[in-house]
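Asks: Going down the list, the sequences are from chains A, B, C and D.
Position 387 of the first sequence, counting from 1, maps to 387 under UniProt numbering, and the rest follow consecutively.
Position 1 of the second sequence, counting from 1, maps to 1 under UniProt numbering, and the rest follow consecutively.
Position 217 of the third sequence, counting from 1, maps to 217 under UniProt numbering, and the rest follow consecutively.
Position 33 of the fourth sequence, counting from 1, maps to 33 under UniProt numbering, and the rest follow consecutively.
What the hints contain is simulated information worked out from the structure, not anything from laboratory work.
Do not rely on the hints blindly, as some may be mistaken.
As the list claims (entries may be wrong) - Pairs of lysine-lysine, DSS-like flavour, derived with a Cα cap of 30 Å:
| no. | chain 1 | residue 1 | chain 2 | residue 2 |
| --- | --- | --- | --- | --- |
| 1 | A | 415 | D | 138 |
| 2 | B | 102 | B | 415 |
| 3 | A | 244 | B | 200 |
| 4 | C | 28 | A | 28 |
| 5 | A | 415 | D | 102 |
| 6 | C | 244 | D | 200 |
| 7 | B | 166 | B | 244 |
| 8 | D | 28 | A | 138 |
| 9 | C | 415 | B | 415 |
| 10 | D | 200 | A | 408 |
| 11 | D | 102 | D | 166 |
| 12 | A | 200 | A | 170 |
| 13 | D | 28 | B | 28 |
| 14 | A | 102 | D | 200 |
| 15 | C | 200 | B | 138 |
| 16 | B | 244 | A | 200 |
| 17 | D | 408 | A | 138 |
| 18 | B | 415 | C | 102 |
| 19 | C | 408 | B | 408 |
| 20 | C | 200 | D | 244 |
| 21 | C | 415 | B | 102 |
| 22 | D | 102 | D | 138 |
| 23 | C | 138 | B | 415 |
| 24 | C | 415 | B | 138 |
| 25 | D | 415 | A | 415 |
There are 4 protein chains.
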Amino acid sequence: MIDRSIISAQNDALHDDLARDYTALGDKLSRRGVDIDAIKDRARRFSVAVPSWGTGTGGTRFARFPGNGEPATIFDKLDDCGVIHGLTRATPRVSLHIPWDKADPSDLRAKAEEHGLGFDAMNSNTFQDQPGQVHSYKFGSLSHTAPATRAQAIEHNLECLEIGQKIGSKALTVWIGDGANFPGQSHMGRQYERYLSSMKEIYAGLPDDWRLFSEHKIYEPAFYSTVVQDWGTSLMTAQELGPKAMCLVDLGHHAPNVNIEMIVSRLIHAGKLGGFHFNDSKYGDDDLDSGTIEPYRLFLIWNELVDAEDTPGLDLAHMIDQSHNVTDPIESLMVSAMEIQRASVQAALVDRAALAGYQDENDALMASATLRAAFRTDVEPILAMARLEAGGAVDPVATYRASGYRAKVAESRPKVSGAGGGIV
Amino acid sequence: MIDRSIISAQNDALHDDLARDYTALGDKLSRRGVDIDAIKDRARRFSVAVPSWGTGTGGTRFARFPGNGEPATIFDKLDDCGVIHGLTRATPRVSLHIPWDKADPSDLRAKAEEHGLGFDAMNSNTFQDQPGQVHSYKFGSLSHTAPATRAQAIEHNLECLEIGQKIGSKALTVWIGDGANFPGQSHMGRQYERYLSSMKEIYAGLPDDWRLFSEHKIYEPAFYSTVVQDWGTSLMTAQELGPKAMCLVDLGHHAPNVNIEMIVSRLIHAGKLGGFHFNDSKYGDDDLDSGTIEPYRLFLIWNELVDAEDTPGLDLAHMIDQSHNVTDPIESLMVSAMEIQRASVQAALVDRAALAGYQDENDALMASATLRAAFRTDVEPILAMARLEAGGAVDPVATYRASGYRAKVAESRPKVSGAGGGIV
Amino acid sequence: MIDRSIISAQNDALHDDLARDYTALGDKLSRRGVDIDAIKDRARRFSVAVPSWGTGTGGTRFARFPGNGEPATIFDKLDDCGVIHGLTRATPRVSLHIPWDKADPSDLRAKAEEHGLGFDAMNSNTFQDQPGQVHSYKFGSLSHTAPATRAQAIEHNLECLEIGQKIGSKALTVWIGDGANFPGQSHMGRQYERYLSSMKEIYAGLPDDWRLFSEHKIYEPAFYSTVVQDWGTSLMTAQELGPKAMCLVDLGHHAPNVNIEMIVSRLIHAGKLGGFHFNDSKYGDDDLDSGTIEPYRLFLIWNELVDAEDTPGLDLAHMIDQSHNVTDPIESLMVSAMEIQRASVQAALVDRAALAGYQDENDALMASATLRAAFRTDVEPILAMARLEAGGAVDPVATYRASGYRAKVAESRPKVSGAGGGIV
Amino acid sequence: MIDRSIISAQNDALHDDLARDYTALGDKLSRRGVDIDAIKDRARRFSVAVPSWGTGTGGTRFARFPGNGEPATIFDKLDDCGVIHGLTRATPRVSLHIPWDKADPSDLRAKAEEHGLGFDAMNSNTFQDQPGQVHSYKFGSLSHTAPATRAQAIEHNLECLEIGQKIGSKALTVWIGDGANFPGQSHMGRQYERYLSSMKEIYAGLPDDWRLFSEHKIYEPAFYSTVVQDWGTSLMTAQELGPKAMCLVDLGHHAPNVNIEMIVSRLIHAGKLGGFHFNDSKYGDDDLDSGTIEPYRLFLIWNELVDAEDTPGLDLAHMIDQSHNVTDPIESLMVSAMEIQRASVQAALVDRAALAGYQDENDALMASATLRAAFRTDVEPILAMARLEAGGAVDPVATYRASGYRAKVAESRPKVSGAGGGIV
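The task is simple: from the sequences and hints, build the whole structure.
Replies: Given below as structure tokens:
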């Protein structure tokens, strides 16, 4: 963990400038009729879950280039998550991936509590074969043609529910790699029916206070078709399963040019929006750091969420899902959490009464300008002040670097060497 | 109309070669256990509707370059449709567009009967302002913020129902240009609710034996968002409206890379596939001639349709929707109808028992090869024989050119000069 | 023209708040080692040309919905451009389109001088047929198979050079719609050779102090292939023509997902970047207002331009090219010019020494953060102060609205009614 | 190796039907003025190189699912390549990848000769770290900021030249993963200059009768920008390097919707087309089996190649580059080679005189129909007869399966278990 004294020393050095910037911004916002402290409180209430697997260096099918001090166990990963939350105060929950993170539940809870962390949605894995696994997922899992393979995949998901209950999770996210690489390889209709049938068995095992998230993706690892290819199929699935089944939107899982904020709006209309996997992308499921490629898109999504936040029953699970290939994962997760938080705060600055007026009058220019005015407000002083008051760091990356954390854990964690990806 | 003697002369010259090719193909197919005559009968039963507007030269926002003998009235257009059906025997119905095709219903019926034609789905138009129109559709129609504008658009659709009933149509296709060019211009949720509410009023006026087709499109003429942007929204709309509301798929209305045959399969699962607007595209809604850009994609869509053709309740409306900018529209519509027919016949040649076996065994290579074997069968002799036996032309384009039809109508139809498109 | 007193009244009301915000921002920037006045001077030096045709309401192939007070002549358009420049002080040049803007050159110059305007690049038009034109461009212009059609298109471009010389322009932009709608329609190699040959004739007529801009576009109005489809072909063309031939980049003319800032960097390397057509887009050549869809992309392009601004020989022509379908074109052009200016100023705030250091050390996270820190700086006070000091409006849109300009010109300009686009 | 007697037995059973189909097709083609035997000879002369790495099961970043009898060494791979060529007679050369295929050159040559195989282009690998490698390629190789890393990557490429010379290769293909995951991570201009400088050093070491292939790719493994992102950059690189540097086109390395056959035409114009990496794709660099997703696109590319085949100096290197994730790689490579061969033969059937006439007259409909008529000719009897006469199998997949080859090698090759990809 980062020593409190390091955080304080860093914060102290930045405090005066922050206070000045906060005051200037507060003055500006008050002229717009906005109370900066109320916005700051909103920033403090913001949280997004961190994926355990995101703490390790990611890779591509071509290669993986690990860094120093890679976490070797889920307990190492929880330590890293503790650092992330400690400095940003924005990531109080961790999302586990089974079987990668399998461990004694009481040990998991103890380690999490040590860092003030809780557990978010469970993630099952039926897109890889594990050592000793009886049936291969090479040709699918929940939608496989063989009943025994489907049963094995269902069983694995039920086990995730079991583990999750022991650690306080309340949701299961199901993402499968099932699909086809060739036209004709799978009968699309029957494949989907098998998938639905398997999902119904999982749903049947879902505790009453849990939710089941269906996650769509247009392609990869299957390159001709995927079983849950878009939000339409995800919606249809959630409708057939029942009220506890909801749709989860990963920002990188769409066709080029697709208007994601519109999908968000439609799923809200359908009463089926369950949550997000945040990341950014330029081409496909690039899994880049949130807010680094198209920050305005992230803002527009939050614009829909803030607009709808009083919708009865809307209860969203926000998670990060990224692959950190060329950065220190702790740094990327901290920055990403803060970029998502930034977008949520900017969206809260939208003058909604004015916007509604412009929309009613079809004043497209001023409506658009109203959104941009909120977006271009530099809310960094608000985010920093919220962190400071919550016990975090004004500048989490600088503080993290000053702490020498990575070098320290590198001493005890096993060294990992570079490796090829999945291609050969 | 094309003189019978011209058709016969052309057919006679081609007959012997056709007979030889038909026999050779029949021999080959019989070795695969396929009866060529049964396939030929299927080809004869095939039909696709022709859009009245497709008989005129189309254009882009930059320009339109009309040809000689452009049809000036709906009656000219029906004459052209008569030629198309006369030569191909594959297009027995015409789809009208209101108000472009407004005329005395009994005159319409008389002219259609003269050519042995019937009427397919009606198409309403609320994406343009007509002379004398009270409320502009500049900012939307069925989803407009102003109740009076919505009422006008609803009224127009109800009028389409009325006209359609008088000429024997059984369906209304609703495609709107409503959307937004700027983030913020429209409140996406409320805009969709207004659209739904309008559609419900139209649905309420729908005769019992009619169907209402909801057509989605990702963009154009709106360039940031459209109200019915994809099949997910179209499905949700059809679900909310009721059993007579179905989804219509235009092949050019999707995001890049989207797997359209999969959408077809999903809509069949949902019991909501209503029909198609056929065309081809490389970039956006290019409205190119069917089968000229990605013929295998067209085949894969038909593969799904043939596979599901015994599904209870599946009753599809097949229509062409293209823009013929650089060809004689009559020629393009004939060729397009035959390309769609070709794909349907090739799909009927798929060895479905073998395919199902390969799918069950996850023999992806042979499953894929099974589809390709059907696709690469040159079924031209089957199509030509079906046309010949039905009284059409073995080679419709050559026969049409030999007839001098276009030059003849150019004498009586008013000359139209080139014009700019919508940009200035 | 907008009365000076209206501008002053509006500015006076905003002055104190602006001064306060400018001071607060100056304080913040000085802590980063940035002199706000130097940045303000840069903002004042910024300029972008306005397209004459952009002052009229644009449309799509489906429809065009004109507004009140549409400019009827090039002189009306120059009046509108005068308003735009008068309020923003950022658009001192107008780009003409021939034959749309053909008029007596001395009248053009007189009207422009009245508004303190000059003329930017000339634009030729061989994508439409004009009344009385001998050869049609339906099947191409500079690359047409018929020598006479090519000669006519060349002649038109030479005429543009002639007109341009009389009004003080120094560049010709050539964009053609030539291409094909069907595979096979054109022989791609020979079509390009014909294009090159025509361009060489135009180049031969280019005055010594002029430049010829080659503009690429992936599709539309041709939907299978276009002759100058991408920057690779544009570069090859400019290389074959000679040193006065340069490449022009329109932001909406690329395939989905393409990294435009990288093309900018490559063309700078090649010594062939000539200028830009600014606009924004989500799907295709949407021609939306600059900076309204992906503002960070606009910033990243300017990041390349600011980085390379000391490159010997780099002399860029910046123009807006948009279609204003749902807004008052004057408002859209003002806002767009300011958004482009904003991006240029934000890019000037990038700490390039720090960035270079992070790049050398492969500190991807901090390099990326360095760009974002500049981007999220709200430079509105700088832009507004620059306008104020240059005699423009602090808030151009509000001032324009207060002036009642549109209503006034609507009294004298002919009323235009809505019309269909190019489809039928 | 597959026993001759197995091939003969399979061929004998198919011979009579093949002869009948060949005769019928010959009859049909002769009516078009085409000599089937001349086309068959062309089919026999066709060849495409096989990638050594393609004989192993591929994977994605999520997982790899190996099959039975995976090749463990380059000698196993050459055995598999021998089977592929033995049955198809279309793949007489193998392309090696260094360091994966490093071995004693004389052993390599001996094994290749055993199978009647030669060696095609060498492939270097600077996108992965190898055990013991001094400098990591995590942040680039030939364009790395550190001179020592670049020197190491250059040295590796020079070693590839050395190995290649010993085994009779005549070309080096350079594909690098260098790029960036974040805006700002790399200075795009300087990064490209470093790349060019490294390439010049490699080029300096190129033997006189060798060629250097530059291969572009829009993204992956870098997800924001890649150094050689498109054919424009590849062309510029080849121009700067010199006459032995050529551009290589991988069909899956482009932005969505890009017209690849047009790039082929442009590179032919520039005198810089060097060769291909064949595969098929629907979304990104999917590396699917050639001809299985968009067979008409493959045909259109071959249409350009056949059209230009008499261009002086045009000498193309055809290679397959695919990832076989769900099929037996030997089967996929056989089928892919035959699909590429099929497209080349179909393209040879295009009536070029008629096509040129239609193009000159702008008869788009008939020009397009001329291409489709060639494409839909089922040339399978030609391909099969060419194989038969060359000593191959009429039906390579059936013969391969009948031979039991995979089961046999599985007995001696080490078993490999499933594994995760690069993500964790």
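Asks: So, for every hint listed, does it hold in this structure?
Replies: Results for each hint:
| no. | hint | result |
| --- | --- | --- |
| 1 | A:415 to D:138 | holds, 16 Å |
| 2 | B:102 to B:415 | holds, 22 Å |
| 3 | A:244 to B:200 | holds, 29 Å |
| 4 | C:28 to A:28 | holds, 14 Å |
| 5 | A:415 to D:102 | holds, 27 Å |
| 6 | C:244 to D:200 | holds, 29 Å |
| 7 | B:166 to B:244 | holds, 20 Å |
| 8 | D:28 to A:138 | violated, 45 Å |
| 9 | C:415 to B:415 | holds, 28 Å |
| 10 | D:200 to A:408 | violated, 42 Å |
| 11 | D:102 to D:166 | holds, 12 Å |
| 12 | A:200 to A:170 | holds, 18 Å |
| 13 | D:28 to B:28 | holds, 14 Å |
| 14 | A:102 to D:200 | violated, 51 Å |
| 15 | C:200 to B:138 | violated, 44 Å |
| 16 | B:244 to A:200 | holds, 29 Å |
| 17 | D:408 to A:138 | holds, 22 Å |
| 18 | B:415 to C:102 | holds, 27 Å |
| 19 | C:408 to B:408 | violated, 52 Å |
| 20 | C:200 to D:244 | holds, 29 Å |
| 21 | C:415 to B:102 | holds, 27 Å |
| 22 | D:102 to D:138 | holds, 23 Å |
| 23 | C:138 to B:415 | holds, 16 Å |
| 24 | C:415 to B:138 | holds, 16 Å |
| 25 | D:415 to A:415 | holds, 28 Å |
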